[in-house]
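Asks: The primary structure of each chain is shown beneath.
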Amino acid sequence: MAMSDLAPTGTPATPPESGPRGRRPRRPRRSRRLAGRDVVVVAVLLGLAVVIDIAFIWGPTIASVVLSFSSWNGVGDITWVGGQNYDNIVNNYPPFWPALRHNLLWLAFLGLVATPLGLFFAVLLDKELRFSRFYQSVIYMPVVLSLAIVGFIAQLVYSRDYGALNSILGRTSHPTDWLGDPNINIWAVLAAVGWKHIGYVMILYLAGLKAVDPSLKESAAIDGANEFQTFWRVTFPTLRPINIIVLVITVIEALRAFDIVYAINRGRNGLELLSVLVTDNIIGEASRIGFGSAIAVILLVISLGFIVTYLVRILREEPR
Amino acid sequence: MVPSSAGRSPAPSRVGFSLFGAGSPALSRRTLMRGTALGAGALALPAALAACGGDDDKGSDSGSKEVSFGSNYSDPVPKTAMESVLKGYESKASKTVKINTVDHNTFQENINRYLQGTPDDVFTWFAGYRMQFFASQSLAADISDVWSAVGSGFTDALKKASTGEDGKQYFVPFYYYPWAVFYRKSVFQQRGYTPPKTLDEFKALCEKMKTDGLNPIAFADKDGWPAMGTFDYLNMRINGYDFHVKLMAGKESWTSSQVKQVFDTWRGLLPYHQPGANGRTWQEAAQSLVAKQSGMYLLGAFVGEQFTDADRADLDFFAFPEINSQYKQDAVEAPIDGFMVSKKAKNTSGAKDLMKYLATPDAELLFLKSSPNNVATHKDADTSGYSQLQKKCAELVGGAKQVSQFLDRDTRPDFASTVMIPSLQSFINNPNDVDGLVKSIEDQKKTIFTT
Numbered sequence: 001m002a003m004s005d006l007a008p009t010g011t012p013a014t015p016p017e018s019g020p021r022g023r024r025p026r027r028p029r030r031s032r033r034l035a036g037r038d039v040v041v042v043a044v045l046l047g048l049a050v051v052i053d054i055a056f057i058w059g060p061t062i063a064s065v066v067l068s069f070s071s072w073n074g075v076g077d078i079t080w081v082g083g084q085n086y087d088n089i090v091n092n093y094p095p096f097w098p099a100l101r102h103n104l105l106w107l108a109f110l111g112l113v114a115t116p117l118g119l120f121f122a123v124l125l126d127k128e129l130r131f132s133r134f135y136q137s138v139i140y141m142p143v144v145l146s147l148a149i150v151g152f153i154a155q156l157v158y159s160r161d162y163g164a165l166n167s168i169l170g171r172t173s174h175p176t177d178w179l180g181d182p183n184i185n186i187w188a189v190l191a192a193v194g195w196k197h198i199g200y201v202m203i204l205y206l207a208g209l210k211a212v213d214p215s216l217k218e219s220a221a222i223d224g225a226n227e228f229q230t231f232w233r234v235t236f237p238t239l240r241p242i243n244i245i246v247l248v249i250t251v252i253e254a255l256r257a258f259d260i261v262y263a264i265n266r267g268r269n270g271l272e273l274l275s276v277l278v279t280d281n282i283i284g285e286a287s288r289i290g291f292g293s294a295i296a297v298i299l300l301v302i303s304l305g306f307i308v309t310y311l312v313r314i315l316r317e318e319p320r
Numbered sequence: 001m002v003p004s005s006a007g008r009s010p011a012p013s014r015v016g017f018s019l020f021g022a023g024s025p026a027l028s029r030r031t032l033m034r035g036t037a038l039g040a041g042a043l044a045l046p047a048a049l050a051a052c053g054g055d056d057d058k059g060s061d062s063g064s065k066e067v068s069f070g071s072n073y074s075d076p077v078p079k080t081a082m083e084s085v086l087k088g089y090e091s092k093a094s095k096t097v098k099i100n101t102v103d104h105n106t107f108q109e110n111i112n113r114y115l116q117g118t119p120d121d122v123f124t125w126f127a128g129y130r131m132q133f134f135a136s137q138s139l140a141a142d143i144s145d146v147w148s149a150v151g152s153g154f155t156d157a158l159k160k161a162s163t164g165e166d167g168k169q170y171f172v173p174f175y176y177y178p179w180a181v182f183y184r185k186s187v188f189q190q191r192g193y194t195p196p197k198t199l200d201e202f203k204a205l206c207e208k209m210k211t212d213g214l215n216p217i218a219f220a221d222k223d224g225w226p227a228m229g230t231f232d233y234l235n236m237r238i239n240g241y242d243f244h245v246k247l248m249a250g251k252e253s254w255t256s257s258q259v260k261q262v263f264d265t266w267r268g269l270l271p272y273h274q275p276g277a278n279g280r281t282w283q284e285a286a287q288s289l290v291a292k293q294s295g296m297y298l299l300g301a302f303v304g305e306q307f308t309d310a311d312r313a314d315l316d317f318f319a320f321p322e323i324n325s326q327y328k329q330d331a332v333e334a335p336i337d338g339f340m341v342s343k344k345a346k347n348t349s350g351a352k353d354l355m356k357y358l359a360t361p362d363a364e365l366l367f368l369k370s371s372p373n374n375v376a377t378h379k380d381a382d383t384s385g386y387s388q389l390q391k392k393c394a395e396l397v398g399g400a401k402q403v404s405q406f407l408d409r410d411t412r413p414d415f416a417s418t419v420m421i422p423s424l425q426s427f428i429n430n431p432n433d434v435d436g437l438v439k440s441i442e443d444q445k446k447t448i449f450t451t
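Residue numbers (our numbering), protein chains in the order written: chain U, 1 to 320; chain Y, 1 to 451.
Just so you know, these hints were derived from the structure itself, not from any lab. From the three backbone atoms N, C-alpha and C, an ideal C-beta is built for every residue, glycine too. Don't take each hint at face value.
Part of the chain Y face toward chain U, derived, beta carbon under 10 Å [said to hold, decoys possible]: (1) 79; (2) 139; (3) 142; (4) 276; (5) 285; (6) 287; (7) 423; (8) 429; (9) 444; (10) 448.
A few chain Y residues that face chain U, going by a derived Cβ cut-off under 7 Å, partial list only [said to hold, decoys possible]: (11) 196; (12) 224; (13) 278; (14) 279; (15) 284.
Could you put the whole structure together from the sequences, leaning on the hints where they help?
Replies: Here's what the structure looks like:
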């Protein structure tokens, strides 16, 4: 969106080869420049990558889809049961709907609360406040922790009987069961997740903001834009590549969420997530591999929804 | 609105993230070749590493003198204890045992693949359905001949727990740890409580503890499994061991009036349980017993791990009270840990010889030196070194008419973990919808027990 605004004004100023007209005729020339031996080398190297890609990404994916129509315990024979696994997941597996809801809640929380907060902190820190280095380190610090560690910290804070939070709030006679009450524990966990995610988003935006040409803001100010307008109309659009990265990271984080709830209570009792259900069913002594694969396929379809939307946007905007 | 200076500013796509190729600069032949080679190298490297790792286990089938031993005793104390047990065998039989220790949870989670791949000759495992499952998948070797040599040392209940569905033995029991209602002697003495025999007495005691400002029953189910112990005992006391076993095997209906009665009785007891159980680990609940905030705790003998050595002498227990006079206190829940021989063993005769050694009281006592919360399975194991509590545990199990293994060992593991854990947790959250709960369990059970 920002690029299309920029392009008409930008074209005359930039050298012709990076403009839309200069690019087209280059492609055939480039491939002609590769000699026969090079083509072989590229083919071998690319072929290797493709083979590995098929073996480790497409193979398992297709196997999951195929297995999702089966009933198999990992040892005996595979029996084909058609769509029965999907029927059971939807109609006869109580943790499924909560898990789906929690994944979407996770996405909404990261996208609508944590990410804007991260951007907000980045903007504040970009203003060169006093001690901004200090704030920056403090907010970024949780990012270096793995989510499993954050899960352990969360337990120390939220534990009903021995946790820090209930002591601080003075709720010792009627303690709140932050992690055991299925109505509130997801929020307690999301707060811990947000704590980490905000720092991550902040550092990305901060890097982007540092790279914004100050003359942009100056000229906006000269044109009479106030600070709010300058940010939304000038700075934010130039952050577009960062926005895309943050968006992708947010979606990935929400869909792959697993470690923190697994560390807290193995993803049960109000903390169900699709990834946990997949693990619970597939890993283990007498695995329900077919059933677990079906949940994995559902997660795959949801991910594909985001991936396809993203790719469509990128591909539509690219060939300008 | 965009200022005209945009042309001079670094285009957004140049700000450093060319990850998405928005404006990749002219791609020369050299950078293309270099990039491709680097990329291929980076991808091929892990694959090459993985390929190297695969062959490790293949060189171990040297003479028949060596037996390999797959162990899940990964914590330091039991690990050294197990090593000393196997050293005892090595010096006695002048053979070598190659120990392959794997992290406890990893071992359990990978057991399927482990047994189908290149398993060790002897491996550590559990009695009950968990053992029978692998026996019936013919992943475990029949060791009935070992039993005819060592069987006289074990009670019938233990033999039953070591027997597969086909009537053959597949398992050698090593030690067990009974579940019972634990309490602190000093608390009971100080307040004049006496261990209850029946459910009514139990409830009366809970009521008294409440008025004394104690939390009657410590309770935790964050880990998902501890509440299973309560269910097992209530079911075995109300409906008897045989019904319990059939229910676990998927042969009785969860919507039956018997099961509903279990949950109804449990609901009557829940007000005496520590609230907020789903957010508490068993260790935290045990600490409330240690701190004399809770009066009693239904758990395995491993609750002693949370007590200091000095305090442990103060720990005592009583058997779960009688509910139905037909079944009295006949059944005891006492999970048994022991050993099995894998079907794919390279040295089966050596493995069986090792099993015979592991079935001796000496081997058991050597191990128990370091874990004072367990009890040896062998009849002739010398109990003089036992603590008071261990002796009482041994009596409890010795006097039991039936021994159950624990819900997640007595039924299909997938049913226990994917159905029973969430169901019991939701019962603890909302004990009032028993009908909906048992219907949901029954519906899910039907989909699992078909395979």
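Asks: Holds or violated: residue 285 of chain Y as interface residue toward chain U, Cβ cutoff 10 Å?
Replies: holds, 9 Å
Asks: How about residue 278 of chain Y: closest beta carbon in chain U under 7 Å, or not?
Replies: holds, 4 Å
Asks: Is the interface hint satisfied for residue 423 of chain Y? The criterion is a beta-carbon contact with chain U at less than 10 Å.
Replies: OK, holds: residue 423 of chain Y within 10 Å of chain U, min 8 Å.
Asks: Measuring from the C-beta of residue 276 of chain Y to each C-beta in chain U, is the shortest one below 10 Å?
Replies: holds, 4 Å
Asks: Can we keep the residue 224 of chain Y interface hint, with Cβ of chain U closer than 7 Å?
Replies: Interface hint status for residue 224 of chain Y: holds (6 Å vs cutoff 7 Å).
Asks: Would you check whether residue 79 of chain Y satisfies its interface hint, that is, whether its CB is within less than 10 Å of any CB in chain U?
Replies: violated, 22 Å
Asks: Are residue 196 of chain Y and chain U close enough, Cβ to Cβ, to be under 7 Å, as the hint says?
Replies: violated, 26 Å
Asks: Let me know if the C-beta of residue 279 of chain Y comes in closer than 7 Å to any C-beta of chain U, holds or violated.
Replies: Check passed: Cβ of residue 279 of chain Y comes within 2 Å of chain U, closer than 7 Å.
Asks: Is the shortest C-beta separation between residue 284 of chain Y and chain U less than 7 Å?
Replies: Given a least distance of 6 Å, the restraint on residue 284 of chain Y holds.
Asks: When the nearest CB of chain U is found for residue 287 of chain Y, is that gap smaller than 10 Å?
Replies: At about 8 Å, which falls below the 10 Å cut-off, the nearest Cβ of chain U leaves the hint on residue 287 of chain Y intact, so it holds.
Asks: Have a go at the residue 448 of chain Y hint: is there a Cβ in chain U nearer than 10 Å to its own Cβ?
Replies: holds, 7 Å
Asks: Does residue 444 of chain Y meet its interface restraint, that is, does its C-beta lie within less than 10 Å of any C-beta in chain U?
Replies: holds, 6 Å
In this structure, the hints that do not hold are numbers 1, 3, 11, in rising order.
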